[in-house]
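Participant: Each residue of the sequence shown is one higher than the one before, starting from 2 at the first, in our numbering.
What the hints contain is simulated information worked out from the structure, not anything from laboratory work.
Certain hints may be false.
To be verified - As a list, the in silico SDA-like pairs of lysine to any residue whose alpha-carbon atoms are at most 20 Å apart:
(1) K102 / Q140
(2) K51 / K63
(3) K102 / K123
(4) K43 / Q59
(5) K34 / Q53
(6) K165 / G97
(7) K131 / D161
(8) K165 / D109
(9) K33 / Q59
(10) K142 / I124
(11) K142 / I93
(12) K102 / W167
(13) K142 / K165
(14) K142 / G106
(15) K142 / D109
(16) K123 / V145
(17) K149 / S99
(18) K154 / I124
(19) K51 / E62
(20) K165 / M100
(21) K149 / D161
(22) K149 / D132
(23) K131 / Y141
(24) K125 / K102
(25) K125 / M100
(26) K102 / E58
(27) K123 / D137
(28) K149 / E136
(29) K102 / K43
(30) K63 / I89
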Amino acid sequence: MHLKNPISNLYVIVILLKYKFVEEEETFENEKKKEKEKEKEKENGNKNEKKQEQEQEQEQEKTQEDRNYNFNFTKSYISNYEPVSVSIQDLIIDNGSSMMKAGFGGDDAPRAVFPMIVGRPKIKKIDNFKDAFVEDEAQYKRGVLTLKHPIEKGLVTNWDDLEKVWASYHS
Numbered sequence: 002m003h004l005k006n007p008i009s010n011l012y013v014i015v016i017l018l019k020y021k022f023v024e025e026e027e028t029f030e031n032e033k034k035k036e037k038e039k040e041k042e043k044e045n046g047n048k049n050e051k052k053q054e055q056e057q058e059q060e061q062e063k064t065q066e067d068r069n070y071n072f073n074f075t076k077s078y079i080s081n082y083e084p085v086s087v088s089i090q091d092l093i094i095d096n097g098s099s100m101m102k103a104g105f106g107g108d109d110a111p112r113a114v115f116p117m118i119v120g121r122p123k124i125k126k127i128d129n130f131k132d133a134f135v136e137d138e139a140q141y142k143r144g145v146l147t148l149k150h151p152i153e154k155g156l157v158t159n160w161d162d163l164e165k166v167w168a169s170y171h172s
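Modelling step: build the complete structure from the supplied sequences, incorporating the hints.
Facilitator: Below you can see the structure in the form of structure tokens.
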């Protein structure tokens, strides 16, 4: 069984060990109950002492075999454990005040850098003009647009504009 994340492999091993421990506790409690019942039967004189000793020995052998099996199963699982190489890199997106940077974790420099800017027309009556321009398009038309950054001093000032920048990045 191979999982993508080595930490989740350890989590599975811990769960298996915990399950086996709980199972062993239950068998131990069952053994105690059986021993108490047998002591009561001895007092009552219902069974032969030799039969009881043989049954006890058989039960002890079975429980020992079960414990060995559980331990061997866990031991073999751990010894066959092969760490999975992590080939998936984390995507890092930095929403800065003036620039948005995106890249993969562990790289020296971001792979994509573009302006976090939204421009709206200064004059509302211009025909065939969009309501808002984002990124490079806003910078090219900055003479007729009012430019604003959706994030100023680390705080989001306009969520709608920020969504427009994200939408343009994902398209």
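Participant: So which of the earlier hints does this model not fit?
Facilitator: 3, 8, 11, 14, 15, 18, 24, 25, 26, 29, 30
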